[in-house]
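Participant: Hey, can you work out the whole structure from these sequences and the hints?
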Amino acid sequence: MIVPTLNGAHLLPECLDSLLTQSYARVEIIVADGASTDATPALLASAYPSARLLRLRRNAGFSGNVNAGFRAARGEVLCLLNNDAQAEPDWVAHCVETLLAQPAIGSVASKVLFSDRRTINSAGDLFCRDGAARQRGVGQPDGPAWDAPGPVFGAMGGAAAYRRAMLADTGLLDEAFFMYLEDVDLAFRAQLLGWACAYQPLARVYHRGSATGGGALASFYNGRNLIRLLAKDLPTSLIGRMLPEILRFQARRAAEAASAWRGAAARATLRGQVSGLLGLPAHLAARLPIQRRRRISDDTLFALFSPSPSPSPT
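788 is the number of the first residue of the sequence shown in my numbering; add one for each residue after it.
Please keep in mind that the hints were generated in silico from the structure rather than gathered at the bench. Using N, Cα and C, we set each Cβ at its ideal position, and we do this for glycine too. Hints are supplied without guarantee of correctness; some may be wrong.
[To be verified] Here are the in silico distance ranges between beta carbons for each label pair:
no., residue 1, residue 2, range
1, A1073, P1031, 21 to 29 Å
2, D934, V1061, 39 to 47 Å
3, L980, A932, 25 to 33 Å
4, A1045, R951, 43 to 51 Å
5, H797, L1071, 38 to 46 Å
6, R839, G958, 17 to 25 Å
7, A1041, P800, 40 to 48 Å
8, A1041, D1085, 24 to 32 Å
9, P1031, S833, 55 to 63 Å
Facilitator: Structure, rendered in structure tokens:
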């Protein structure tokens, strides 16, 4: 169990309390701390001595901090929980049972509700045919529609379980992402290698959301990292097939940001898109090793992509 954190001492008690009460008997808790300057070390030493504090020398972002936790963990199932999330007592057990029951499954997506415990934050990650990643069900009320288990493209990294064998095959999170969309990139690489993801609605987590991110920071990294993800992961024939929709989405995103130029988040989105384009040589350099190893056909992969949502009327 890896909990990444950065100056999150005010968030950790609820998160760690939920992990200490898990029904699954063998839960190793690793707090991967990206060089916090708050009371995180003192909190763990005084109140959570059974949790292992992995104190990093620098903040390596969500992806780097989590990878440090993955490398230090000893289990065959590696669970990941945001520091602003709480897991129900059977969360780990349901994740482990799902992986044990389905050998072709490499990861488990949880039912993640916002802290009101009534609204869906994520019922798994989607990857759409306009080249954008989206949270399945986000903003919708919880109910029977979200109670059916089944395949999804990937797991939201804030509440996910990964099979160690899958991570050994795919590699860990891409640390060039730093934060945002690194979970979708991992899911994409896993799908290319034939590792599926299962949505398990019994594995429930409650998430505050944007407690350690959001705003301009999220806008920049989402804008930049989506371009890196496409450049690395999308097979050549599908680039041609999807390019018109991809360009329309990117142009619409840029136009919406430009129309709201006075907002910091809008300006950050445009900076992110420009940074992503300027970084194309580095992104493309990471592409060849991924594409050489893929095991599924383009048609099989395309069938995993969700239809693009219709643009909102103006």
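Participant: With reference to the structure, classify each hint as holding or not holding.
Facilitator: Hints, verified against the model:
1. Checking the proposed 21 to 29 Å range against A1073 and P1031 shows it holds: the Cβ atoms sit about 25 Å from each other.
2. For D934 and V1061, the Cβ-Cβ distance of about 42 Å falls inside the hinted range of 39 to 47 Å, so the restraint holds.
3. The hint said 25 to 33 Å for the Cβ distance between L980 and A932, and at roughly 30 Å that hint holds.
4. Between A1045 and R951, the C-beta spacing of about 45 Å keeps the proposed range 43 to 51 Å intact.
5. Between H797 and L1071 the beta carbons are some 41 Å apart, a value that agrees with the proposed interval 38 to 46 Å.
6. Taking the beta carbon of each, R839 and G958 are about 23 Å apart, inside 17 to 25 Å as hinted.
7. Taking 40 to 48 Å as the suggested C-beta distance range, the pair A1041 and P800 conforms, at roughly 41 Å.
8. Between A1041 and D1085 the beta carbons are some 28 Å apart, a value that agrees with the proposed interval 24 to 32 Å.
9. For the pair P1031 and S833, the beta carbons lie near 57 Å from each other, so the given range of 55 to 63 Å is met.
Going through the hint list in order, the structure satisfies each hint without exception.
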